[in-house]
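Taken in sequence, the protein lines are chains A and B. Quick note on the numbering used here: the first sequence kicks off at 1 and runs consecutively. Quick note on the numbering used here: the second sequence kicks off at 1 and runs consecutively.
Simulated from the structure, these hints should not be mistaken for lab results. Bear in mind that the values here come from a model prediction, so they are computed numbers and not experimental data. Among the clues, some could well be false.
[Unchecked claim] Here are the simulated distance ranges between beta carbons:
| hint | chain 1 | residue 1 | chain 2 | residue 2 | range |
| --- | --- | --- | --- | --- | --- |
| 1 | B | T295 | A | V232 | 54 to 62 Å |
| 2 | A | D199 | B | L119 | 45 to 53 Å |
| 3 | A | A256 | B | P50 | 33 to 41 Å |
| 4 | A | G186 | B | F184 | 50 to 58 Å |
| 5 | A | Y61 | B | R16 | 39 to 47 Å |
| 6 | A | G246 | B | F184 | 50 to 58 Å |
| 7 | A | S243 | B | E109 | 53 to 61 Å |
| 8 | A | V232 | B | K207 | 25 to 33 Å |
| 9 | A | D199 | B | P50 | 32 to 40 Å |
For glycine and all other residues, C-beta sits at the position ideal for the given N, C-alpha and C.
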Amino acid sequence: MTAQPVRVGRVEELTPGVRRFTLVPERGALPAFSGGSHIGVMLPDAGAARRNSYSLTSSPYERSFFQIAVKREPASRGGSAYLHESVREGSRLEIAAPVNQFPLANTGRHHLLIAGGIGITPFLSQIESLQRWGHSFELHDCYRGAENAPFLAELRERLGPRFHGYDTSRGARPDLVALLRAQVTGAHVYVCGPAGLIDAVVAAARTLGWPRHHVHFERFSAGPQAPTRPFVARLARSGQDVSVSGGSSLLDALDAAGHAVPYSCRIGGCGTCEVAVIEGEVDHRDHCWTDEDRAGDRRILACISRAKNGHLVLDL
Amino acid sequence: MNSELASAPPPPMAERFRNSAVAIARFPFPFTGDSYEYTVNLVKAGQGAPGAFDEHWFDIDEHYVAEMELRALVLEQDPDRYLSLPHMIEHQWDVLELIMEHYAADYPEHFSLTRDGDLWTWENRLLGLRDTFTFGDPRTLPREPLDYIARQAQGDWVALDVRDGDLWLDAGMLTFPADWSLKFDMGMSFEEWHGPVPMAHEAGVFKRAKQFLLRITPEEPWQRFNWTMTVGRRWDTSSETYDQWGIDRTTITPENVGEKVHLRVEVQVLPRLPRSNGLLFQIRTYLISLEELVTNPAWANRLRRVLQSLPPEIADYKGLSRYRQTVIDFLEPYEDGQP
């Protein structure tokens, strides 16, 4: 994937933890994108080029700049800390072109958007699309205190009665089952936020018998994972053995060994880093494939999944 | 343009589609080996040498005007060769923008696009058109956006919706298909519209291909070849007109095979549509008669070997069974010196 150079035009502190970065192209226009898309931002990470994904919060119809809103994570893997500490107005960055792993369903009769915390970000560009094309939608936004909700005032004003806010610091929460039950047939629900919120919406939809494809979610992280044990991946074409330590992923170990595999989300959500498996049992940890997909094919998502019994032979 | 064509007798189209030496030299010969297998065979699009059929995402050639005039005639006789479901309007604008942008950038001598915010002016000098419209407002164009632009763009254009982890054939303009029908396939999912293809379902080809297609990004379109054979220099071989061309397959003799039988190659280009998140399926068709093809003996030799090794199920599916041997016999004398 080619990287595009951009200049940081503006850095705004929206809340004590969230900064908005406006990125302008060095020349020409930025690519068009669809609501819910993210970009990869290249981060200098111990000398190696590495990419973190951030939802685009600007309008899909705006090609002279992109905006992302980055929350500083206390347990940052380096990405949000780097952006908060080292990136200033005038800084130069490289970004990967927009990709959408959280698209709107064009056939939806009504779109129910549910955000938790910084999970509001992908909805900002989706709302632009929904409004432009005159689709029926409503937004339910859960936040911990208005001072931590960077887009609250703007959304309230823009959406009017379509906006429903829940200040969880005051104990307000949406009744998800009631909310989903009240939807028209043919509605789609979209949720982005902490794992607990996503799991609760998915569970409520299942309880009510919603079709699987009417429930959409985007995670920020892979969520809590089972312990990671080291294993060895043998590359069938060269016979090379690649050791994957407990603290590392197969994707990173392959990269370090000179076998760069294309990737996008790095949390087992998109399927880009798929590698064919010749031998060994895979400990699937993605949330991209169904059980049916996993049963029929011998593949692994290198960013997140691991070996069950200490070794794998890969078609590489 | 339409009214003029309607009042004039149909022009001798076959003559207008004859290939020049340049067109033959840049013909997208699809076989890289001596046998044919179903594979996904996807490569990155628009990476070809200057002047090649794949130099740009969307190729136009010496048949541009003839093809657009023939398209207008086909649409006049059967308006359903253009269809679009209501949820595809954003995809339609996506396709229009993609074609206009790429044509204007790649063929500036023929096309230009000027944008003032959402107010766009499009000029197509090959067809003598100049229109100003508001991007996103269908009332400012004489036809729906896809209908408008596909009448000015070589090849067939299908816009696929991406949803439910699948691809849906929900809009398109299809005037030159190789024995299939837009009206029949409309609204079908990826595996449904590939239903009739023999042998490939069992091999899992479509499942793998679909996973691949779903991951195409807007910045990186892919292309693949498909091929069949057509009797006569006939562009419209849709299921709807089978009664007009199906019988031609019985007319091949050793005397007329070189002139009548054509290798039909589709270069399919698949870009992700950036604003609607759909997928564009462009089918750019090229026809070359065997007489034209054998001017390159290496192609003659390779095509003969491919036809000899073709499984009967596939020869049947492609409608070649009746005249396959006649073609092989015709190609036999052309040797390229390779074993």
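- Look at the Cβ atoms of D199/A and L119/B and judge whether their distance stays inside 45 to 53 Å. This hint holds: roughly 47 Å between Cβ atoms.
- Using the C-beta atoms of Y61/A and R16/B, is the stated range 39 to 47 Å upheld? holds (41 Å)
- Beta-carbon spacing of G186/A to F184/B - inside the hinted bounds 50 to 58 Å or not: violated (26 Å)
- Given the range 32 to 40 Å, decide if the beta-carbon distance of D199/A to P50/B lies inside it. violated (54 Å)
- Task: Evaluate the given range 25 to 33 Å for the C-beta pair formed by V232/A and K207/B.
- Result: The hint (25 to 33 Å, Cβ to Cβ) holds, given that V232/A and K207/B are roughly 30 Å apart.
- Query: Within 53 to 61 Å or not, the Cβ separation of S243/A and E109/B?
  - Reply: Since S243/A and E109/B have Cβ atoms about 58 Å apart, the given range 53 to 61 Å holds.
- Task: With 54 to 62 Å as the target window, see if T295/B and V232/A comply at their CB atoms.
- Result: holds (56 Å)
- Query: Honestly, do G246/A and F184/B meet the 50 to 58 Å range at C-beta?
  - Reply: holds (55 Å)
- Query: Okay, A256/A versus P50/B on CB: inside 33 to 41 Å?
  - Reply: Between A256/A and P50/B, where Cβ atoms are some 39 Å apart, the hint holds.
Against the hints set out earlier in the document, violations occur for numbers 4 and 9.
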